[in-house]
Amino acid sequence: MMKEELKNKIQKLMQKYPKKESALMPALTLVQKAYDNNLTKELVEEIADFIGVSYSRAYGVATYYSMFNINKVVGKYHLQVDTNIPATLMGAVEIFNYLSKKLGIKHGETTPDGLFTLSHVECLASCGTCPVIQVNDKYYEMMTPEKVDMLIDSLRKGIMPEIPVKYNFGTKCNVLLKNVEIKDSETIAVYKKNGGYSVLQKALKMSPEQIIAEVKDSQLRGRGGAGFPTGVKWGFLPKNIDKPVYLICNADEGEPGTFKDRQIMTYDPHLLIEGMAISAYALNCKTAFIYIRGEFSWIADILEKAIEEAKDDGQLKNLDIIVHQGAGTYICGEETALIESIEGKRGLPRMKPPFPAVEGLYGCPTIVNNVETLASVPFIIDKGASAFKAWGSPAGYGFKLFGVSGAVNKPGVYECPMGISYKELIEMAGGYSEKIKGVIVGGLSVPILTTEELEKGDGMKMDYESCAEYGTSLGSGGVMVISEKFSIPEISARTIQFYNHESCGQCTPCRMGSGMIKLLLNKIVSGNGEKGDIDKIIWFCDNIKGNTLCPTGEAYSVPVKTMVTKFRKDFEALIK
Amino acid sequence: MDNKINLTIDGQVYTANPGQTVLQVARENGIYIPSLCYHPRTGKAGKCRACLVEVEGIRGLKESCALEIKENMVVNTRTERVMEVRKMIVELHLANGEHNCIACEKNGHCELQDMAYHCGIERPHFPVEHITAELDTSSEGIIRDSNKCIQCGRCIRACNHNVMHEVLDFGWRSGDMKVICDDDKPMGESSCVQCGECVQVCPVGALTFKNAKGVAQFKELKKTKVICTYCGVGCSIDMYTKDNKYVYSMATEDNWEQLPNKGMLCVKGRFGFDFLNREDRLNTPLIRKNGELVEASWDEALDLVASKFSEIKEKHGAGSLGFFTSARVSNEENYAVMRFARGVIGTNNIDHCARL
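So the sequences go chain by chain: A and B.
Terminal number for the first sequence in the numbering used here: 576, no gaps in between.
Terminal number for the second sequence in the numbering used here: 356, no gaps in between.
The set of hints was computed from the structure by calculation and includes no laboratory data.
Heads up, a few of these hints could be off.
Heads up, incomplete: computed chain A residues facing chain B, CB under 8 Å, no partners named [as the list claims (entries may be wrong)]: (1) Lys41; (2) Glu45; (3) Arg57; (4) Gly60; (5) Thr63; (6) Tyr64; (7) Phe486; (8) Asn500; (9) Cys504; (10) Met512; (11) Phe540; (12) Asn543; (13) Asn547; (14) Leu549.
Cross-link-like lysine-lysine pairs, in silico, DSS-like; alpha carbons within 25 Å at most [claimed, not checked]: (15) A/Lys138 x A/Lys157; (16) B/Lys308 x B/Lys268; (17) B/Lys178 x A/Lys72; (18) A/Lys33 x A/Lys19; (19) A/Lys138 x A/Lys305; (20) A/Lys536 x B/Lys44; (21) B/Lys185 x A/Lys41; (22) A/Lys19 x A/Lys3; (23) A/Lys147 x A/Lys102; (24) B/Lys87 x A/Lys345; (25) A/Lys545 x B/Lys62; (26) B/Lys87 x A/Lys523; (27) A/Lys183 x A/Lys305; (28) B/Lys62 x A/Lys72; (29) B/Lys87 x A/Lys545.
Residues from chain A shown here face chain B by an in silico Cβ test under 7 Å; the list is partial [as the list claims (entries may be wrong)]: (30) Ser54; (31) Tyr55; (32) Tyr59; (33) Met351; (34) Cys507; (35) Thr508; (36) Gly546.
Just so you know, even glycine gets a beta-carbon here, dropped at the ideal spot from N, CA and C.
Could you build the full structure based on these sequences and the hints that come with them?
Structure (structure tokens):
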């Protein structure tokens with residue numbers, strides 16, 4: 001039986017949301033924490049009864065999200081090493097193997113003393129500071145064998161150590177990253193001292209239509225990866241409706257190679273809150289959400305605190321902002337899966353239409369915008385659309401955060417004008433640290449570029465059109481530079497492993513197609529490939545692309561196909 | 001009517017009603033489009049991707065189950081692009097499951113079998129090694145074979161939205177995703193009430209009736225539309241028999257949109273007819289003669305009852321007779337008994353059990 005205290009907390013969660021079923025995920029998280037990081041069927045049943053959902057729904061949710069440990073024994077310290085592509089490019093596999101040898105356990109195993117469990121984990125959005133080990137809720141970044149020794153020694157003594165990390169930042173525009181180097185930048189006092197919340201005051205004197213017009217005029221495009229014009233999206237909201245309108249900030253940041261939104265939320269949470277407050281006012285929204293990935297629980301705490309501060313300061317008079325934590329799923333970065341997740345369900349993408357602007361959260365009109373998108377709104381309202389458009393070109397306006405990881409000297413987050421040349425961006429990141437084999441510029445789901453392709457013409461610019469001309473996409477701006485020492489077949493196998501793990505499972509081509517491609521690639525990488533396997537992979541990629549329920553099928557079939565076709569010789573070399 | 005819509009499917013012009021989907025119009029006109037997740041009673045789901053078609057002017061393939069028809073729409077259901085995707089879907093299912101038609105009760109009534117046939121796939125080209133899951137035979141009337149499950153979600157939708165029992169859902173994700181009962185209990189130990197709705201909508205042999213196991217494949221069965229005899233609701237049943245022996249019941253599909261049962265049955269209508277096959281079942285009326293029950297014809301029996309009624313009424317008056325009717329007969333039959341009691345016999349002594 002759950003303790004009364006826990007039940008009271010769940011009760012409060014149920015009251016926090018417009019619909020009580022939304023409390024299911026946070027309740028599972030809460031109870032798991034209270035029960036030594038483990039959930040049992042009995043606990044899930046109890047939570048289901050308490051919230052009033054069926055056992056199958058609760059259990060379906062608990063087994064869907066990878067952060068819930070159902071009937072899975074996890075040691076006191078769960079060491080999760082990110083071994084996704086950007087992490088691998090930064091040496092994560094070596095750190096995993098070092099840990100494995102040191103503790104004498106493999107993936108998924110627990111030391112006999114019950115102290116440590118070791119696991120591979122998918123991208124933790126720490127690409128610039130990999131290798132990263134997540135110990136329970138805490139990130140340990142830029143790990144080296146020496147730091148691992150220090151960490152394990154300390155954990156054995158029962159202490160979660162503080163291991164300082166130096167992040168690399170750079171800005172040419174001084175908007176989204178202007179506060180990162182300032183002490184206590186996350187507090188409202190510092191934010192206001194530097195002019196914070198003055199734009200909200202200005203916005204409240206404007207009409208909602210004026211704000212929407214300004215955002216539309218700025219041609220700001222969604223910074224999450226799809227690049228859809230924000231003002232146009234806002235314009236899809238039906239007029240004169242009697243239902244509430246919801247605004248959701250997408251802080252799932254799951255696209256491998258992307259680690260930009262966390263910087264805004266960590267160092268400038270009030271910028272996001274101000275952006276949300278202005279947008280919510282423009283959209284006539286009274287309840288807004290921030291959907292933040294579960295691994296970022298400490299950032300969720302920063303946000304909660306900042307919201308509290310903003311409320312106490314009278315900034316959020318007509319707006320309630322609820323922070324909803326995910327629990328380990330890439331697909332919840334897709335807006336309809338994210339909405340399902342807030343509703344307390346398995347994060348499964350919905351069929352479109354209807355689009356969220358018409359029928360979204362709880363069946364009501366909903367706008368989902370990325371963190372960076374919303375954090376860009378105060379600048380646009382303050383300085384005007386024309387100031388925003390002073391940066392970039394019709395191929396993409398404004399400032400944009402780029403996360404650069406892999407074989408560069410200063411992996412980090414850089415704020416640049418749209419259309420900055422790829423070359424200049426790499427220079428900001430300290431230049432290549434090694435000879436390179438290729439680069440993925442927009443998060444893992446965009447086509448890979450070879451060095452030859454990069455050198456074509458006048459050089460690629462980091463905007464929508466130039467990236468398309470070069471045969472790739474700007475995506476989320478997560479640039480992964482691949483050193484020559486890596487094997488593209490291995491990278492492709494690890495890529496499909498990720499997407500297969502993250503496939504929600506509901507549609508056939510994605511669920512089974514990703515499994516089939518994984519099988520074929522592993523076969524080739526392990527030296528068992530047969531003639532014809534490469535063409536089979538291409539056949540599956542061609543038929544999956546565009547034919548899945550949500551964009552995930554495309555997100556893996558496109559990059560995998562380009563890896564296979566552009567580096568076909570490397571694959572053929574592995575087939576005897 | 002003015003508001004009809006004209007559209008072209010595979011080069012032929014059809015006239016249809018507004019609000020209809022491409023899939024509906026195609027099916028009404030005998031054009032085959034497979035759909036493994038869409039079912040008229042569970043609705044569109046977008047999961048199987050089997051019903052994708054090409055529409056002129058629209059980039060990419062579209063789900064015909066969800067695509068509303070528009071004036072002058074031009075749809076192609078059998079282009080190379082469409083057929084390649086269909087083939088891939090069949091190949092993926094054949095690779096990942098154990099679809100052994102020879103030993104399947106659904107042989108002849110399986111939507112995956114149909115789809116494979118129409119795609120010209122005779123055998124799988126992408127064999128995948130996997131572990132055979134054990135059958136779930138824990139429930140009274142249903143066998144669950146997860147090796148044949150194609151994760152279409154029809155059963156879940158039916159359980160949660162049609163009959164509202166909320167027993168089934170999906171658990172886990174990606175390749176591990178499977179249908180669960182409650183928190184992954186065997187069906188027989190779960191809160192399932194055995195309505196059998198899930199079996200009714202299953203497109204493949206993942207959910208079948210125990211009664212059929214080893215008795216008959218679908219193609220051997222004869223379908224007879226009957227009215228359920230259990231209660232006065234009068235549900236419409238498709239009763240499946242083999243060699244004049246009852247095998248199982250399905251709610252009738254052809255009139256599923258109509259009352260009273262809208263394509264659903266309860267546990268009694270679904271599973272309560274085993275007695276039909278019993279040797280000791282009464283086939284004729286029996287009359288007790290010299291202390292022994294002797295078989296008689298209906299005429300004989302009714303004559304006897306009529307004469308006894310008349311005799312009792314004459315001797316003791318109409319008030320000495322009473323009539324007790326049943327919820328197992330229809331309203332019309334109950335009404336007839338009432339009229340008989342009051343009008344013919346002349347008594348108000350009439351009652352009804354009002355339950356089964």
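Those earlier numbered hints the structure runs against, lowest number first: Violated hints: 7, 16, 20, 24, 28; rest satisfied.
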